[in-house]
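Assemble the complex: chain G is given as a structure, and chains B, R, V, P and U with the ligands must be docked to it using the hints.
Residue numbers (the working numbering), protein chains in the order written: chain G, 3 to 207; chain B, 3 to 207; chain R, 509 to 732; chain V, 509 to 732; chain P, 191 to 448; chain U, 70 to 125.
One should not assume that every hint holds.
To be verified - 20 Å max Cα-Cα, derived SDA-like pairs, lysine to any residue:
no.: 1; chain 1: V; residue 1: K732; chain 2: B; residue 2: V13
no.: 2; chain 1: R; residue 1: K732; chain 2: G; residue 2: G59
no.: 3; chain 1: G; residue 1: K9; chain 2: G; residue 2: T177
no.: 4; chain 1: R; residue 1: K732; chain 2: G; residue 2: R17
no.: 5; chain 1: V; residue 1: K732; chain 2: B; residue 2: R17
no.: 6; chain 1: P; residue 1: K437; chain 2: P; residue 2: M220
FYI, nobody ran anything at the bench for these hints, they're computed from the structure.
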Amino acid sequence: MGLTVTKLSCVRGERQVFRDLSFRVVPGEMLTLVGPNGSGKSSLLRQLAGLLEVTDGEINLDGASEDQTIADVVLYAGHLDAIKAPLSVSENLSFWAEFYGVSGIQVANALEAFSLGHLGHLPAGVLSAGQKRRLGLSRLALIDRPLWLLDEPTVSLDTASIAALGDLMRAHLNTGGSIIAATHVDLGLEGTRTLDLNSIRGAQA
Amino acid sequence: MGLTVTKLSCVRGERQVFRDLSFRVVPGEMLTLVGPNGSGKSSLLRQLAGLLEVTDGEINLDGASEDQTIADVVLYAGHLDAIKAPLSVSENLSFWAEFYGVSGIQVANALEAFSLGHLGHLPAGVLSAGQKRRLGLSRLALIDRPLWLLDEPTVSLDTASIAALGDLMRAHLNTGGSIIAATHVDLGLEGTRTLDLNSIRGAQA
Amino acid sequence: MNAFLSLVRRDVRLATRVGGGGGMAVFFFLIVLSIVPFGIGPDLNLLTRIAPGMLWVALLLSALLTLDRLFQADQEDGTLDLLILAPQPLELTVLAKAVSHWLTTGLPLVIAAPALGLMLNLPLEGMLPLMGAMLVGSPALSLLGAVGAALSVGVRRGGLLISLLVLPFYVPVLIFGVSASRAALVAVPGDLGGQSLLLLGAVSLASLVVGPVGGAAALRVAIK
Amino acid sequence: MNAFLSLVRRDVRLATRVGGGGGMAVFFFLIVLSIVPFGIGPDLNLLTRIAPGMLWVALLLSALLTLDRLFQADQEDGTLDLLILAPQPLELTVLAKAVSHWLTTGLPLVIAAPALGLMLNLPLEGMLPLMGAMLVGSPALSLLGAVGAALSVGVRRGGLLISLLVLPFYVPVLIFGVSASRAALVAVPGDLGGQSLLLLGAVSLASLVVGPVGGAAALRVAIK
Amino acid sequence: MVPCCPARGGLHQTDMAWSIHTYANPTRFMNFSAIVLPYVWALAGAGIGIGLYLSFFVAPPDYQQGDSVRIMFVHVPSAWLSQFGYGIMVASSIVALIFRHPLADVAAKSAAPIGAVFTFLALVAGGLWGKPMWGTYWVWDARTTSTLVLLFIYLGYMALWATIEDPNRAARVAAVLAIVGAVNLPIIRFSVDWWNTLHQPASVFRLDGPTIHSSLLWPLFVVALGFTFFFLGVFMVRMRAEILRRKVRTLQMQQAAG
Amino acid sequence: MDEFLNMGGYGPYIWSSFLIAAIVMTGLALQSWFDLRKQKRLVAELEARSPKKARP
Ligand code: HEM
Ligand SMILES: Nc1ncnc2c1ncn2[C@@H]1O[C@H](COP(=O)(O)OP(=O)(O)OP(=O)(O)O)[C@@H](O)[C@H]1O
Ligand SMILES: Nc1ncnc2c1ncn2[C@@H]1O[C@H](COP(=O)(O)OP(=O)(O)OP(=O)(O)O)[C@@H](O)[C@H]1O
Ligand SMILES: [Mg+2]
Ligand SMILES: [Mg+2]
Numbered sequence: 003m004g005l006t007v008t009k010l011s012c013v014r015g016e017r018q019v020f021r022d023l024s025f026r027v028v029p030g031e032m033l034t035l036v037g038p039n040g041s042g043k044s045s046l047l048r049q050l051a052g053l054l055e056v057t058d059g060e061i062n063l064d065g066a067s068e069d070q071t072i073a074d075v076v077l078y079a080g081h082l083d084a085i086k087a088p089l090s091v092s093e094n095l096s097f098w099a100e101f102y103g104v105s106g107i108q109v110a111n112a113l114e115a116f117s118l119g120h121l122g123h124l125p126a127g128v129l130s131a132g133q134k135r136r137l138g139l140s141r142l143a144l145i146d147r148p149l150w151l152l153d154e155p156t157v158s159l160d161t162a163s164i165a166a167l168g169d170l171m172r173a174h175l176n177t178g179g180s181i182i183a184a185t186h187v188d189l190g191l192e193g194t195r196t197l198d199l200n201s202i203r204g205a206q207a
Numbered sequence: 003m004g005l006t007v008t009k010l011s012c013v014r015g016e017r018q019v020f021r022d023l024s025f026r027v028v029p030g031e032m033l034t035l036v037g038p039n040g041s042g043k044s045s046l047l048r049q050l051a052g053l054l055e056v057t058d059g060e061i062n063l064d065g066a067s068e069d070q071t072i073a074d075v076v077l078y079a080g081h082l083d084a085i086k087a088p089l090s091v092s093e094n095l096s097f098w099a100e101f102y103g104v105s106g107i108q109v110a111n112a113l114e115a116f117s118l119g120h121l122g123h124l125p126a127g128v129l130s131a132g133q134k135r136r137l138g139l140s141r142l143a144l145i146d147r148p149l150w151l152l153d154e155p156t157v158s159l160d161t162a163s164i165a166a167l168g169d170l171m172r173a174h175l176n177t178g179g180s181i182i183a184a185t186h187v188d189l190g191l192e193g194t195r196t197l198d199l200n201s202i203r204g205a206q207a
Numbered sequence: 509m510n511a512f513l514s515l516v517r518r519d520v521r522l523a524t525r526v527g528g529g530g531g532m533a534v535f536f537f538l539i540v541l542s543i544v545p546f547g548i549g550p551d552l553n554l555l556t557r558i559a560p561g562m563l564w565v566a567l568l569l570s571a572l573l574t575l576d577r578l579f580q581a582d583q584e585d586g587t588l589d590l591l592i593l594a595p596q597p598l599e600l601t602v603l604a605k606a607v608s609h610w611l612t613t614g615l616p617l618v619i620a621a622p623a624l625g626l627m628l629n630l631p632l633e634g635m636l637p638l639m640g641a642m643l644v645g646s647p648a649l650s651l652l653g654a655v656g657a658a659l660s661v662g663v664r665r666g667g668l669l670i671s672l673l674v675l676p677f678y679v680p681v682l683i684f685g686v687s688a689s690r691a692a693l694v695a696v697p698g699d700l701g702g703q704s705l706l707l708l709g710a711v712s713l714a715s716l717v718v719g720p721v722g723g724a725a726a727l728r729v730a731i732k
Numbered sequence: 509m510n511a512f513l514s515l516v517r518r519d520v521r522l523a524t525r526v527g528g529g530g531g532m533a534v535f536f537f538l539i540v541l542s543i544v545p546f547g548i549g550p551d552l553n554l555l556t557r558i559a560p561g562m563l564w565v566a567l568l569l570s571a572l573l574t575l576d577r578l579f580q581a582d583q584e585d586g587t588l589d590l591l592i593l594a595p596q597p598l599e600l601t602v603l604a605k606a607v608s609h610w611l612t613t614g615l616p617l618v619i620a621a622p623a624l625g626l627m628l629n630l631p632l633e634g635m636l637p638l639m640g641a642m643l644v645g646s647p648a649l650s651l652l653g654a655v656g657a658a659l660s661v662g663v664r665r666g667g668l669l670i671s672l673l674v675l676p677f678y679v680p681v682l683i684f685g686v687s688a689s690r691a692a693l694v695a696v697p698g699d700l701g702g703q704s705l706l707l708l709g710a711v712s713l714a715s716l717v718v719g720p721v722g723g724a725a726a727l728r729v730a731i732k
Numbered sequence: 191m192v193p194c195c196p197a198r199g200g201l202h203q204t205d206m207a208w209s210i211h212t213y214a215n216p217t218r219f220m221n222f223s224a225i226v227l228p229y230v231w232a233l234a235g236a237g238i239g240i241g242l243y244l245s246f247f248v249a250p251p252d253y254q255q256g257d258s259v260r261i262m263f264v265h266v267p268s269a270w271l272s273q274f275g276y277g278i279m280v281a282s283s284i285v286a287l288i289f290r291h292p293l294a295d296v297a298a299k300s301a302a303p304i305g306a307v308f309t310f311l312a313l314v315a316g317g318l319w320g321k322p323m324w325g326t327y328w329v330w331d332a333r334t335t336s337t338l339v340l341l342f343i344y345l346g347y348m349a350l351w352a353t354i355e356d357p358n359r360a361a362r363v364a365a366v367l368a369i370v371g372a373v374n375l376p377i378i379r380f381s382v383d384w385w386n387t388l389h390q391p392a393s394v395f396r397l398d399g400p401t402i403h404s405s406l407l408w409p410l411f412v413v414a415l416g417f418t419f420f421f422l423g424v425f426m427v428r429m430r431a432e433i434l435r436r437k438v439r440t441l442q443m444q445q446a447a448g
Numbered sequence: 070m071d072e073f074l075n076m077g078g079y080g081p082y083i084w085s086s087f088l089i090a091a092i093v094m095t096g097l098a099l100q101s102w103f104d105l106r107k108q109k110r111l112v113a114e115l116e117a118r119s120p121k122k123a124r125p
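Isolated chain G (complex conformation) (with noise of 0.2 Å):
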């Protein structure tokens, strides 16, 4: 799923954050933003999934019948982990499965996908700062949705997650999937555009 951004602003607490912002990422591809910490990375982000408003300019989906919206297409993974610390990890990972319309089956191989699987039955809520991290991104590997919108996905990981959450998305990306992802480490991901918010600003400025 392609996506095409024309002279997108962004307004937020009556401050500009950044304006004019035009870019496209094709099937395939994966775009990184980068830009110091306030440039409006995640910003950017809530506003192609349709979480913020969007002051001026467009966004549209390149390759989407009718009536798709952005909401069908999409999945986001903002700085929360939408973790219920009550219900144990593969609870809080079914009812994704249910909400999504995901079969149930998937929910194993999701929670493999960043080794949670031994830790399926502990309730969220005793999990470590990166084990919460990789429940939530195991979203990634149970709903299928074209385009991925990433915040800083690498926050909290080890370095053997890193690695799986590197081939996730390097699968997704070679099964025509797109991402977006604002992070300040390098995810060492092959063939990815930089955009950097902060060029943006400069010029704006």
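Coordinates of chains B, R, V, P and U with the ligands only, in the frame set by chain G:
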């Protein structure tokens, strides 16, 4: 301020996280805790700070006077930033200055240490993830304590802020302070020792 | 439908895990009811007279106390974003939240009402109509409450704010509910009880529309 | 002392920023008071009779509704860890939290009580004693409440749990409070109002110890 | 020889610590309770059986209250045990907090539901007694109110246990509540006593100790003894179940980790 | 017999109080016992699954 840890064990939710951990940190030294997710880095830091029960073993301050407890020498910066969204950036920091008995004049300097000076009057709730983190870390520049316990301090920070943090830590070590920090990324500080919690666990199994 | 049910199931399970589910609501109810006599004095006649009203006010309050976290908890841990982005229409999602709220607060109180009524010396033969009125009216509390909870998403200390937003809308439920219960219990002449019950049902039906639609609209605005 | 005051100041400021501080509590109070007549019917005599009790019950409820976030909010954003590690004794910290809770819920209600009393048709000459009783009794609500809030730190959906934990302890406050107010308002023969007031003061004094000590103990065990 | 002494002292100390732990040892308790339980049940059965016989066939009707006085044989032992249960809870909680006695929090947790049940029974039997005696099931007077508050504290205590996932944390937190509750209990009782004299002086009925005739007192003691053994029996069963529950949790956690 | 059941007119109160006590106490005892049995079964199952993985 030095610290000697003898045969420390940690049990969380009836599961042994680590056992028989012994190490020393001398003044001017930094110890980096590494290990995969769930190996007990955060747990160890909370035990050292006195925020988590010590199942077994001992934690002793070297060169502390009789009536000094760990709470008197430690500055803890955990996963959470301890920031109140409705208060402005400088109000947030001023409160901690007053609460820890630091002169209010220092607040502006501490904010500048992480280039937050120009954001001082904004409500902290509108900060970006990295800006929030920087506000949390600016307590390190504000409150003068010999022992720093840092849990993944670089999360969400951009390159410039990581450098600023590095400078601050170096200065702290040079004045005889000591640091114990858990992290998955290299902080680029020379002459630090590393404690791999995974190898400890391996030894125990 | 599957998504709807899974959300209801999850929320009920969450409520059960954290707060003992309906049990907690009944406990609270019990405590409120028994604290009132401390306040207004132990005159049993007086208590019986105001009992139907007290039952309803306590029902209202325990709904209010739990509304607070209805969307707030989901917003704080990022779940709300994903609920909004999911294939299920947001209106159904709000309905599911309201249903699970009712299952863990309204329904247990309806079931416990006779026991509580006995404590207040209410006549036995009035219990069934009382339960009926509460059964018909209590869904409206959860449904209307969902709108308030959605409006105050993102505002910390939502508890009091929600009360302020929601209480005015609760007034009709309270009036018809009390009058339906009182007619059954205290035997008011005429058919007023039945009429109140009808009106109560109408309010509930209306909030079956207003709740999900209003709640979804409020969420969409609040999240952005 | 400086640390103590700065914590009180911060908490009051926070309450003012997010919830309009005391204003919100007064609004809530007003709404509860105005909803009760709907519940029990518009009999003015009856209302006046139960007015002191209602004022106290509403005072209790608005204290309860706000207790929830007393430590929970600080725990969720990591502030609590730092409060515990700070040089100030934890008992004083708990006291400061209770004081700011009282300043933003108890005190505004005490000040607003005469206006609310007028709404309920209470005699004018009883207002001062009523305010006195509320002034003496309401700190106990915040202080005892702090223990409940500390006990339920880290428990999600703590709202109802706190009510369950705290309400039994509120019973003496309620009883003496109402009896002191009623004696002043309804003119019961004898010096019983004064005696109740004394007992109310005793309860408040006792909770001045129990609150901070118990709260700090609870926090220490709850955080670990 | 000399370096031996401190070592010995040390050994002795650990010995003592060890011996404390052995008596507190859950395994020891499991063994001990398995042996004692049948006798406890037997005593409970005998006490309640004989007590019932005495209270229905031997005890005479009261000269004032007639046969209704027989409700006393349920009501009063239950009321006593409701306070006995809270006493056990507080004592165990103190031990749990101060000495970290491994069995203490198990004991405190197990006592609560039993105490709550007897509080409930005292309330119900009192209410059923009240209808013929006072003309109503319920009055808001000193004893009734303070007993109700006791039930609430029990319920709050149990709710706290039910809400906190980690049993160790739950134990410590609940212990604080139990102890704080104990501080308040006499205050509540005292205050309510006083409150009653203001509002309900007339309707309060009280049968003072001396007026209970020994022909009623004897059966009462026998029933009360039977109830007490019943309490202890259920108490031990619940403690056993609780110890096993923790073992289950530990095993589950270990299998998760391993 | 009738007279005994009647208890001088107090029969319903007396019998229901004794009955409720019997039911509640038996219920408590049974619930406790069932719980104990359940825990025993769980321990046995778990120990069967991981034989001799004794706690250090
Ligand atoms: C629901 C109502 C009632 C409650 C909650 C209640 C509660 C209690 C409690 C807690 C005790 C134990 C006091 C102590 O020794 O510490 C007690 C004792 C007693 N109650 Fe009740 N009671 C109720 C109704 C009644 C009624 C209606 C009667 C008789 C007409 C009655 C007669 C007695 C007697 C004779 C004793 C034992 C004597 C004594 O220890 O003072 N109670 N009750
Ligand atoms: N509140 C808790 N209750 C029970 N167990 C817990 C709790 N918090 C953490 N644990 C467990 O303790 C272990 C260590 O957790 P900890 O957070 O210390 O790991 P960590 O090394 O900091 O990991 P990360 O790199 O993910 O931050 C984990 O296995 C985790 O499941
Ligand atoms: N809720 C909000 N209200 C008003 N302004 C906001 C809000 N959230 C963020 N901002 C502002 O928008 C700007 C961009 O924030 P954003 O979170 O998008 O940055 P970011 O690039 O993700 O930074 P980081 O690397 O720190 O995550 C910042 O200046 C921030 O102050
Ligand atoms: Mg960001
Ligand atoms: Mg960690």
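Hint by hint, here is what the structure shows:
1. V:K732 <-> B:V13: 12 Å, holds
2. R:K732 <-> G:G59: Measuring from Cα to Cα gives roughly 17 Å; hence the hint holds.
3. G:K9 <-> G:T177: 29 Å, violated
4. R:K732 <-> G:R17: 15 Å, holds
5. V:K732 <-> B:R17: 15 Å, holds
6. P:K437 <-> P:M220: This hinted pair holds, its Cα atoms lying about 12 Å apart.
Violated hints amount to a single one, hint 3; each of the other numbered hints is respected by the structure.
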